[in-house]
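Asks: Sequence:
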Amino acid sequence: MQSRGFWGWRGDGRRAGVHLVHRATDGGFRLDSGEFLGRLKREVIGHPALVHPFLERFGEGDVSEEGVRTFAIQYYRHVRVSRLYLAALISNCGRDEGLQLALAEVLFDEYGHLNPDETHPALYRRFLRALDVTKEEWEAPSTLPEVELYISRHRDLTRHPDVRLGLGALGPASEWPVPPIYVKLSEGLKKATGLPGEALEIFTSHVTMDVTHARIMMDAIAPYAEDEGGQRKVREGTMASLDARSVMLDGFYRAVYGEPAPLAAVRAAHPS
211 MQSRGFWGWR
221 GDGRRAGVHL
231 VHRATDGGFR
241 LDSGEFLGRL
251 KREVIGHPAL
261 VHPFLERFGE
271 GDVSEEGVRT
281 FAIQYYRHVR
291 VSRLYLAALI
301 SNCGRDEGLQ
311 LALAEVLFDE
321 YGHLNPDETH
331 PALYRRFLRA
341 LDVTKEEWEA
351 PSTLPEVELY
361 ISRHRDLTRH
371 PDVRLGLGAL
381 GPASEWPVPP
391 IYVKLSEGLK
401 KATGLPGEAL
411 EIFTSHVTMD
421 VTHARIMMDA
431 IAPYAEDEGG
441 QRKVREGTMA
451 SLDARSVMLD
461 GFYRAVYGEP
471 APLAAVRAAH
481 PS
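Using this note's numbering, the first residue of the sequence shown is number 211, and each one after it goes up by one.
Just so you know, the hints here were simulated from the structure itself, not pulled from any lab data.
Source: prediction; values computed, not measured.
All clues given are correct.
DSBU-like, lysine-lysine: derived pairs with alpha carbons at most 35 Å apart:
#	residue 1	residue 2
1	Lys443	Lys394
2	Lys394	Lys251
3	Lys443	Lys251
4	Lys251	Lys401
5	Lys345	Lys400
6	Lys400	Lys251
7	Lys401	Lys345
8	Lys345	Lys394
So the derived label-pair ranges between C-beta atoms look like this:
#	residue 1	residue 2	range
9	Thr418	Ser362	27 to 33 Å
10	Glu349	Asn325	20 to 26 Å
11	Arg339	Arg369	30 to 36 Å
12	Arg442	Leu324	33 to 39 Å
13	Gly439	Glu276	46 to 52 Å
14	Pro470	Pro433	39 to 45 Å
Using N, Cα and C, we set each Cβ at its ideal position, and we do this for glycine too.
Model the full structure from these sequences, guided by the hints.
Replies: Set out below in structure tokens:
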């Protein structure tokens with residue numbers, strides 16, 4: 211049987227990155243959902259967003275006190291609305307109660323098991339206060355356009371009539387990348403600020419929590435990725451989210467370091 215993947219052909223007749231498939235009853239080829247998600251995970255982990263220059267430089271602790279404050283204030287703009295993407299996706303699930311329950315389980319964690327002092331925005335504000343950032347200071351600056359783009363893109367993806375786009379954005383593109391990204395952020399913050407572990411709980415808790423969330427989300431996504439059409443849509447949402455994350459990180463680099471991110475400059479000079 212000739213190996214084929216759903217993203218096209220390689221020169222030797224095999225598809226780069228995706229080639230373990232099954233022959234469908236109609237004579238075509240398909241990946242089952244488990245194989246698809248396994249291949250997609252490797253693609254996600256290899257995405258440039260996970261090795262963005264901002265993460266590499268910040269993760270080494272190469273950031274000023276003012277740079278830390280700038281990042282902290284701007285990242286809060288994302289954190290305080292990220293739960294709303296899940297809520298939007300739940301409302302977009304139609305009659306699939308199983309999917310609604312899976313998303314609600316993740317949302318329950320995001321809301322701190324209904325403890326207002328343990329919601330993720332509350333944990334983040336604990337981090338801000340540890341930096342001596344006041345409410346007036348974290349509310350005052352305008353939001354970076356790159357962060358606005360990320361927020362807008364995820365609102366669109368999670369409200370799109372095709373729920374598979376939102377699943378890709380909030381599943382593979384969110385739960386798999388966050389642990390390695392947050393390891394870099396928390397390590398950089400420890401080096402640059404010397405903050406105690408409890409002040410960084412918003413970052414360190416996600417390193418383990420999102421492993422569980424990833425399992426929940428992948429189980430929920432699997433029925434929507436059983437055919438080529440579903441897999442294309444899940445991947446489309448995944449890549450759209452990751453690309454938006456790259457842009458957001460470009461914005462952090464520019465705001466924190468006062469110059470364009472190296473990869474952002476390359477993209478601007480050679481647009482696709």
